[in-house]
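Chain by chain, the residues:
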Amino acid sequence: MIALLKKILLVDLLQGLWVTFRNQHPKHLYTEQYPLERPKVAERFRGAPRLNINPDNGETLCISCDLCAKACPENLIVVTSVRNEQTKRKDLTTFTYDTSRCMFCGLCEDACPVDALELTQDFELASYTREGLIWDRQMLEEGPKPTRYTR
Amino acid sequence: MSQTFLDSNELVLNMGPQHPSTHGVLRVILKLDGERVNGTECVIGYLHRGVEKIAENRTYQMFAPYVDRMDYVAAVSNGLGYVLAVERLINVEATPRAQAVRVILTELNRIASHLLWLGTHALDIGAITPLFYTLREREEVLKIFENYCGARLTTHAFRIGGLQYELYDGFEREVNAFCDWFIPKVDEYEELLTNNRIWRERLIGVGILNAADCKRYGVTGPVLRASGVAWDLRKAQPYCGYQNYEFDIPTRQNADTYDRYVVRMEEMRQSVRIVRQAVGAIPDGPIKAKVAKVLKPPVGEAYVSIEAPKGELGYYIVSDGTLNPYRVRVRPPSLINLQALDQMVRGALVADVVAIIGTLDIVLGEIDR
Ligand code: SF4
Ligand code: SF4
Chain A
1 MIALLKKILL VDLLQGLWVT FRNQHPKHLY TEQYPLERPK VAERFRGAPR LNINPDNGET
61 LCISCDLCAK ACPENLIVVT SVRNEQTKRK DLTTFTYDTS RCMFCGLCED ACPVDALELT
121 QDFELASYTR EGLIWDRQML EEGPKPTRYT R
Chain B
1 MSQTFLDSNE LVLNMGPQHP STHGVLRVIL KLDGERVNGT ECVIGYLHRG VEKIAENRTY
61 QMFAPYVDRM DYVAAVSNGL GYVLAVERLI NVEATPRAQA VRVILTELNR IASHLLWLGT
121 HALDIGAITP LFYTLREREE VLKIFENYCG ARLTTHAFRI GGLQYELYDG FEREVNAFCD
181 WFIPKVDEYE ELLTNNRIWR ERLIGVGILN AADCKRYGVT GPVLRASGVA WDLRKAQPYC
241 GYQNYEFDIP TRQNADTYDR YVVRMEEMRQ SVRIVRQAVG AIPDGPIKAK VAKVLKPPVG
301 EAYVSIEAPK GELGYYIVSD GTLNPYRVRV RPPSLINLQA LDQMVRGALV ADVVAIIGTL
361 DIVLGEIDR
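Residue numbers (our numbering), protein chains in the order written: chain A, 1 to 151; chain B, 1 to 369.
Some hints here could point you the wrong way.
Said to hold, decoys possible - The calculated DSS-like cross-link candidates involving lysine-lysine, where the alpha carbons are at most 27 Å apart (straight line), are:
no., chain 1, residue 1, chain 2, residue 2
1, A, Lys40, A, Lys145
2, A, Lys70, B, Lys53
3, B, Lys293, A, Lys90
4, B, Lys293, B, Lys53
5, B, Lys185, A, Lys40
6, A, Lys70, B, Lys290
7, B, Lys290, A, Lys27
8, B, Lys185, A, Lys70
9, A, Lys6, B, Lys185
10, B, Lys296, A, Lys70
11, B, Lys31, B, Lys290
12, A, Lys40, B, Lys143
13, B, Lys288, A, Lys7
14, A, Lys70, B, Lys288
15, A, Lys27, B, Lys143
16, B, Lys143, A, Lys145
Rather than coming from a laboratory, the hints here were simulated on the basis of the structure.
Produce the entire structure from the sequences given, and follow the hints as far as they go.
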């Protein structure tokens, strides 16, 4: 009898509607209005790569040890260097990083002994060309410059 | 009997690979007699990336990020299975602290996976509302992942021997807050669906796969448990310290789509229970056991299977003593579970096919690899 009454009065459906109604309040809004409202990504976010430079003298921190290139599963980092006869060290000449093949796994970052290579919080890496996705040393040091659209 | 144009012939209908309810790029060829399904044939392989072959050209550490891309909905579970298999190969055990964190993250991932399943499954049946709510809750889990390891989906959270990242400040607080906040949400889904007459009528008695058939096909996970078999690898062969946590294995008897829904809902609650226990007792200590940087496991093989959200996920690794694995074979739960599809849909209506594919909880990334 009660079951029949419940069935006629659509109790089960009203119960569901009540849940929907409870969630109507604007404080339950979760959608991010992306270009206007920028998400704040986590501190450890693995995004665009950056080659850190020493803030005091503007020199790169990278010691050209090639460990990041060896750690990368995709073999997408190429480091070249020349030997500096005075300091008996290697000087970094070029550093290319192909973001189009990178899966942001973080292995290169972990491998770097001097924290020169770092995956940063920038996440807008789109480019109009494939070549634009291959980052050279300058780009890696300055970071990506996403296009700002204006009308 | 000669055929006239009024005779009903078998109609062959192609469902997928772009059909939204196949949850990926699965193509199902349906043989129909009117509204009834007489048989199916699954065509898979649209998402084949050769992951197992890639493994043969990578070192053990380098291959770890690739396993995340198989079952991308439960990347953490995949990572766990792989690192456990390699750890067995080199005879190393992760530190207690690492194990506790692994349990927390894997259980959170189980919740995330079930949430995505629930939302899309309900959407297939015609209930749109749960999708919005489940994705909202899943977002919180993904935020914890992002804060912990810097990625949301393909996390690469675990490393061979333990973890790479130390817990961040406020991890325990965030996880506890999530647990407290999440349980009422599960009740909310149940309010929306469990007693809803449309939901019940679409699901009860649909896609029955009894225990004997489950065993015949090798089906595992919630599908097996909904047929009354209390088989859960976390209890049956505990790994990662699961024997220290108290939780129940939810089972049901009717083995239909509705029961699988109930089992998965209860599993989410049990996962929260495990997470609560684990997060309250994270031991101190190092997060990574001593593992050689250049990993050369001895000649041998190892098979480790874990209870992934979708069933038994196994990794079989053969080492020939070099830097790269000789062979990595994955036993993906989705592929094995999908085999039962034909039996489940025989005699069902066309509309039920969508429900049955949904209830199997398949991920095509894992099936095709
Ligand atoms: S994040 Fe991974 S794939 Fe990308 S460059 Fe580093 S190691 Fe290679
Ligand atoms: S590992 Fe670090 S220091 Fe070595 S080459 Fe790469 S970026 Fe430079």
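A quick look at each hint next to the structure:
no.	hint	in the structure
1	A:Lys40 / A:Lys145	holds (18 Å)
2	A:Lys70 / B:Lys53	holds (20 Å)
3	B:Lys293 / A:Lys90	holds (24 Å)
4	B:Lys293 / B:Lys53	holds (23 Å)
5	B:Lys185 / A:Lys40	holds (25 Å)
6	A:Lys70 / B:Lys290	holds (21 Å)
7	B:Lys290 / A:Lys27	violated (48 Å)
8	B:Lys185 / A:Lys70	violated (46 Å)
9	A:Lys6 / B:Lys185	holds (24 Å)
10	B:Lys296 / A:Lys70	holds (16 Å)
11	B:Lys31 / B:Lys290	violated (56 Å)
12	A:Lys40 / B:Lys143	holds (11 Å)
13	B:Lys288 / A:Lys7	violated (58 Å)
14	A:Lys70 / B:Lys288	holds (22 Å)
15	A:Lys27 / B:Lys143	holds (19 Å)
16	B:Lys143 / A:Lys145	holds (26 Å)
Checked against the numbered hints given earlier, this structure breaks hints 7, 8, 11 and 13; the rest are met.
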